[in-house]
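These are the residues of each chain, in order.
2 protein chains.
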Amino acid sequence: MAAWYENCSDVKGVLLDISGVLYDSGGDGGIPIPGSIDAVKRLKSSDLQVRFCTNETQITREKLVGKLTKLGFDIEAKEVIAPAPAVCHVIKERGLRPHLLVHPDSLPEYDGIDQSNPNCVVIGDAAEIFSYNNLNTAFPVLMSLEKPVLIALGRGKYYKETDGLKLDVGAYMKALEYSCDCQAEVVGKPSQAFFMSALNHMGVEAKHAIMVGDDIVNDVGGAQKCGMQGLQVRTGKFRPSDENHPEVKPNGYVNNLAQAVDLLLTNRGS
Amino acid sequence: MAAWYENCSDVKGVLLDISGVLYDSGGDGGIPIPGSIDAVKRLKSSDLQVRFCTNETQITREKLVGKLTKLGFDIEAKEVIAPAPAVCHVIKERGLRPHLLVHPDSLPEYDGIDQSNPNCVVIGDAAEIFSYNNLNTAFPVLMSLEKPVLIALGRGKYYKETDGLKLDVGAYMKALEYSCDCQAEVVGKPSQAFFMSALNHMGVEAKHAIMVGDDIVNDVGGAQKCGMQGLQVRTGKFRPSDENHPEVKPNGYVNNLAQAVDLLLTNRGS
Chain D
1 MAAWYENCSD
11 VKGVLLDISG
21 VLYDSGGDGG
31 IPIPGSIDAV
41 KRLKSSDLQV
51 RFCTNETQIT
61 REKLVGKLTK
71 LGFDIEAKEV
81 IAPAPAVCHV
91 IKERGLRPHL
101 LVHPDSLPEY
111 DGIDQSNPNC
121 VVIGDAAEIF
131 SYNNLNTAFP
141 VLMSLEKPVL
151 IALGRGKYYK
161 ETDGLKLDVG
171 AYMKALEYSC
181 DCQAEVVGKP
191 SQAFFMSALN
201 HMGVEAKHAI
211 MVGDDIVNDV
221 GGAQKCGMQG
231 LQVRTGKFRP
241 SDENHPEVKP
251 NGYVNNLAQA
261 VDLLLTNRGS
Chain X
1 MAAWYENCSD
11 VKGVLLDISG
21 VLYDSGGDGG
31 IPIPGSIDAV
41 KRLKSSDLQV
51 RFCTNETQIT
61 REKLVGKLTK
71 LGFDIEAKEV
81 IAPAPAVCHV
91 IKERGLRPHL
101 LVHPDSLPEY
111 DGIDQSNPNC
121 VVIGDAAEIF
131 SYNNLNTAFP
141 VLMSLEKPVL
151 IALGRGKYYK
161 ETDGLKLDVG
171 AYMKALEYSC
181 DCQAEVVGKP
191 SQAFFMSALN
201 HMGVEAKHAI
211 MVGDDIVNDV
221 GGAQKCGMQG
231 LQVRTGKFRP
241 SDENHPEVKP
251 NGYVNNLAQA
261 VDLLLTNRGS
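Protein chains in written order, with the working numbering: chain D, 1 to 270; chain X, 1 to 270.
Everything labelled a hint here was simulated from the structure, so no lab data went into it. A couple of the hints might just be wrong.
In this list, chains with the same sequence are indistinguishable; a pair is considered to hold if it fits within one copy or across any two.
To be verified - Straight-line distance between alpha carbons at most 20 angstroms, and here's what the computed EDC-like set of lysine to aspartate or glutamate pairs gives: (1) Lys249 / Asp74; (2) Lys147 / Glu243; (3) Lys67 / Asp163; (4) Lys249 / Asp181; (5) Lys147 / Asp163; (6) Lys92 / Asp114; (7) Lys70 / Asp242; (8) Lys41 / Asp24; (9) Lys12 / Glu205; (10) Lys44 / Asp74; (11) Lys147 / Asp262; (12) Lys63 / Asp24; (13) Lys160 / Asp181; (14) Lys147 / Asp242; (15) Lys41 / Asp181; (16) Lys160 / Glu146; (17) Lys249 / Glu6.
From just these sequences and the hints, can you work out the full model?
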């Protein structure tokens, strides 16, 4: 079978995951992954459409972009596709009033959302806010509903910070699903609607797009289900066992984003 | 079909759940469920064997018994079957060295257990100790193992305290199972080995024993799978929807322990 980069002449758009691909996040502001700053610059200098497709929900897009800019990345808020705006759209459309179990730094994303007398729970990557007491505040909201509505901003298992692997929102989503006998609706990767909104934003069809991520299931598998190519980087949360994943077979592995961009730009002749 | 109490002449032993059957626990020490103090007294005055079969892992058995005695119950530590001693047995037998994610008040139960260089995680009902940081300390222990060993002291979804429903150990077990791609081994109810040890302790065969609990799955369903009768009380965490549970059909419902003991003692003629 031909390698992914041998058939990339018709690629028109690239979606990049942020954490684990551009940088490793951490309390210290995080550290860029070697070669990624330059790789983003080269991609954006090409004729390819580029968007950043993240499940980041600890901070607002504006703050995230500020952090990445400080690290040296060329990135603008309008290029970032993130779950919070998507969930606000869903909430308004369905007349929901959420109890927000999210990180305080992300709260400005929910300005103007009615949170009185809640009839659903929205759970994001709340990190330290995932205390026993805060979970036990969200839990009775779900239990009081005849049919609990739990909306999760992603379903990641874990991510890598500079000081190690950390539990992601998916772990806490599973905890509430189990105790409330319900199934969460996921907004964010790997939801098809979320990837489609990123493709629409670029004006590129799935068959002409590549997703580059470190999460074998949520980045690579999710993108492939939408008809895109999915590449896994061997940075961030990548683990060697991912290469024997029982369900997801990426179109290719690359050591890092820099290698992905090298192979893509060289082989499509741009 | 005959009611459970019409066929109870050959009952020789009774297992009682504690929280939600004897009392509702809480930060204030808890409150006895009306009629339960007298019901225990009457049971123990009969010729029936009686044991207290609990998944309580927030405190040592000695402290639990002290708390219940203070509330007015006639109960001794040797009558309490709890998960911590059972898990210590498993740990020693298999040469495991646990990272303990348990409530500090229960730590004396693990005296003498080697906790250096851990090769498994034991998770109990740690309540407030279930912080993001503490979960992220246990998580890498599991991720560092080729085949993660997670031992859960019960798999309850929630329990009732005097100020409301609280997430039980099962929620956090599910969170770690999901993020580590592993399946926990459960010591405590509803594990068959745990119920069998309680029956052995009484010297009573399963077919001559009744379990009384407020947890439809872990008390009633678990006991029935071992061949016992299972009664659900309408106290503690009981919810009306339990009466339409898709999998577990109790041998009977009773309004509370007092009613169960009335019906049992009257109908067996003791």
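Hint by hint, here is what the structure shows:
In this homomeric assembly, Lys249 and Asp74 never come within 20 angstroms of each other (Cα to Cα): the closest approach is 31 angstroms inside a single copy and 61 angstroms across copies. Taking the shortest alpha-carbon separations for Lys147 and Glu243, only the inter-copy value of 17 angstroms comes in at or below 20 angstroms, while the best intra-copy value is 39 angstroms. Taking the shortest Cα distances, Lys67 and Asp163 sit within 20 angstroms of each other inside one copy (18 angstroms), while across copies they are farther apart (42 angstroms). In this assembly of identical chains, Lys249 and Asp181 lie within 20 angstroms of each other by CA distance solely across copies; the values are 18 angstroms between and 31 angstroms within a copy.
For the identical chains of this complex, Lys147 and Asp163 are neighbours neither inside a copy (39 angstroms) nor across copies (23 angstroms), given an alpha-carbon limit of 20 angstroms. In the homo-oligomer, the alpha carbons of Lys92 and Asp114 lie at most 20 angstroms apart inside one protomer (9 angstroms), although the nearest pairing across protomers, at 54 angstroms, exceeds that limit. Taking the shortest Cα distances, Lys70 and Asp242 never come within 20 angstroms of each other, neither inside one copy (32 angstroms) nor across copies (55 angstroms). In this assembly of identical chains, Lys41 and Asp24 lie within 20 angstroms of each other by CA distance solely inside one copy; the values are 18 angstroms within and 61 angstroms between copies.
Proximity of Lys12 to Glu205 under the C-alpha cut-off of 20 angstroms is restricted to the intra-copy arrangement: shortest distance 8 angstroms within a copy versus 71 angstroms between copies. For the identical chains of this complex, Lys44 and Asp74 are intra-copy neighbours only, at 9 angstroms inside a copy versus 75 angstroms across copies, given an alpha-carbon limit of 20 angstroms. Taking the shortest Cα distances, Lys147 and Asp262 never come within 20 angstroms of each other, neither inside one copy (50 angstroms) nor across copies (37 angstroms). In this assembly of identical chains, Lys63 and Asp24 lie within 20 angstroms of each other by CA distance solely inside one copy; the values are 16 angstroms within and 46 angstroms between copies.
With identical chains, the CA atoms of Lys160 and Asp181 are at most 20 angstroms apart between copies only, with a shortest distance of 17 angstroms across copies and 30 angstroms within one. For the homomeric pair Lys147 and Asp242, the shortest alpha-carbon distance between copies (15 angstroms) is at most 20 angstroms, but the shortest distance inside one copy (36 angstroms) is not. In this assembly of identical chains, Lys41 and Asp181 lie within 20 angstroms of each other by CA distance neither inside one copy nor across copies; the values are 46 angstroms within and 37 angstroms between. For the homomeric pair Lys160 and Glu146, the shortest alpha-carbon distance between copies (19 angstroms) is at most 20 angstroms, but the shortest distance inside one copy (37 angstroms) is not.
In this homomeric assembly, Lys249 and Glu6 come within 20 angstroms of each other (Cα to Cα) only inside a single copy, at 17 angstroms, whereas the closest approach across copies is 60 angstroms.
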